[in-house]
Amino acid sequence: MNVLQISELSKNYGSIRALDQLNLTVEKGNIFGILGPNGSGKTTTLAILLGILSQDSGSYEWFGGNFGSKARLRLGALLETPNFYPYLDADDNLDIIAHIKKIDKPNHDEVLELVGLSHRRKSAFKTYSLGMKQRLAIAAAMVGEPEVLIFDEPTNGLDPQGIADIRTIIKEIAARDKTIIMASHILDEVEKVCSHVAIIKNGKMLAQGNVGSILNDDITIEVGADDIGNLVTFLSDISAINSMTREKGKLILSVNADFSAANLNQMAFQKGITLTHLVAKATSLESEFLEITK
Amino acid sequence: MLHLLTLEWKKVRKNSTFRVLFVLYLILLPSLFLVGKRLPDLPDEIPSADVFYMFPTVWEYLAYAGNWLVFFFLGFLAVLSVTVEYNNKTLRQNVITGLTRTEIFKAKLSYIIALSFVATAYYFIVAIVIGFFNTETIYWVKIWQEWEMIPRYFLMCLGYTSFALLLGLLIKRTGIALFLYLSYVMFIEVVLRWAVHRNLFDHKSMHFYPMNAIEDLTPFPLLKTAKNFGGNDMKFEILLSPSEAVGTVIVYTALFLFCSYGLLRRSSL
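Sequence lines, in order, name chains V and H.
Going left to right, the first sequence walks through residues 842 to 1135 as my numbering numbers them.
Going left to right, the second sequence walks through residues 21 to 289 as my numbering numbers them.
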């Protein structure tokens, strides 16, 4: 089931194009990372999905449109900064969340335990450190055990210990069969936490897919031969090839970084196969991402 | 609506500013009024300070005192109820959590209605108690002779708070919104009416400004007989009639609320 479907979403801020016909699909159970440098449109996208901003064109649909405008009640979200009533303590703040979501028996004990704030639950929010505020925001997102969680730069501004804590918490949440959508500008974070990723830059989608296929050290090689069937049999015996897809009479291979196009050509030659097409794609998406985040 | 009102209550019940302002209203309404007992000199038109406290005139005098307190304390509470949320970005969070913008408007509307209702109920209790202890012979008819002051008091509360709500939503910054609220009610409208409007058209239409109409819902009772009050050279009544004031305030209140709703629908949170 699709949890979220975004089609052709666009948004301008004056003359600046923040989102340019963005398409995206998140399926149930995905830990979906939206990766892009600051200002790439991650927060804008999430703000539109959460009803804070309205898009200029395009559309999005939560849960196949089954819950209409009430869909947000089934989400838990942390957008940019943690926003709470500073004079209220953690329990009272979570009460307000539970009240809005109309949850009869809130799971405050459990979510505060999850984020390690049980000992400070009776302190006013304004006395919290940034790390604690961020953890309370995650607890607030978990109130009522929503099916989908949205975290926007959850480790932004935290010290190394705080970052490690948040990542552990997110992994724990992921282990509970939740769908998580997480925006980040840190490649490492997405690689460690997410199952799927979309890379965006200047509001445009550069790539999306599962993390394994997009963010790894593999090299992409395109090959072609007159007898494709024979070529496929030959290639499937090579262990350095991690995946193979067929496209317009060519095969696109994802191979280990220590394997090269020259190796492949040599091996094919020895087998008596003449390659009619051989292209090594020098830039992987990872290096492209590093390029754009510089 | 009740669900949204409970939400507002959860937000403010532990807020110290809310508590202080509300308790001050509760304390000041009777105490400010009872200070009149110690006034040394009364104008000639008032034979004795007793009229302040007797049925049925206690309704009018207490409402006049309440007018000032409502303008100040309830108005502040209404401004703060939105500006504090803008400062803390909590309205934004409420929407993220699942409220619609229409629900936010309904929540704020139920909040000011509840505030006005409680303030009016308290006015009612204070008037009954003070009247009861200061009227020598009490008749049922005498107590209720001025019952119209009760709905007018409520409308006065609603008028001030809806105006304050609109300013809060419009300006979003606590300090500037409070300053503008105070200065509009106390100076800006007064200057507009007396210095500008009256110079252009010396006509009764100068009374149909929102804050003046709200004040005329519960005016200083003596102004009703103010024909010979301190050199009044006006060609028309100094006050709006009760029905004119009620009608005018209803129109303005509806307008303020309508604009508040429009602002909430459109503004970025």
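Treat the hints with care, since some could be wrong.
To be verified - So the derived list for chain H, only partly shown, Cβ under 7 Å to chain V, looks like this: (1) Met21; (2) Leu25; (3) Lys30; (4) Val32; (5) Asn35; (6) Arg39; (7) Thr117; (8) Thr122; (9) Gly282; (10) Leu284; (11) Arg285.
It should be emphasised that the hints constitute simulated quantities derived from the structure, not laboratory data.
Since the model is a prediction, treat every value here as computed from it, not as a measurement.
All C-beta atoms in this analysis are idealised placements derived from N, C-alpha and C, irrespective of residue type, glycine included.
Return the numbers of the hints above that this structure violates; sort them in rising order.
Going through the list in order, the structure violates hints 1, 2, 4, 6, 8, 9, 10, 11 and respects the others.
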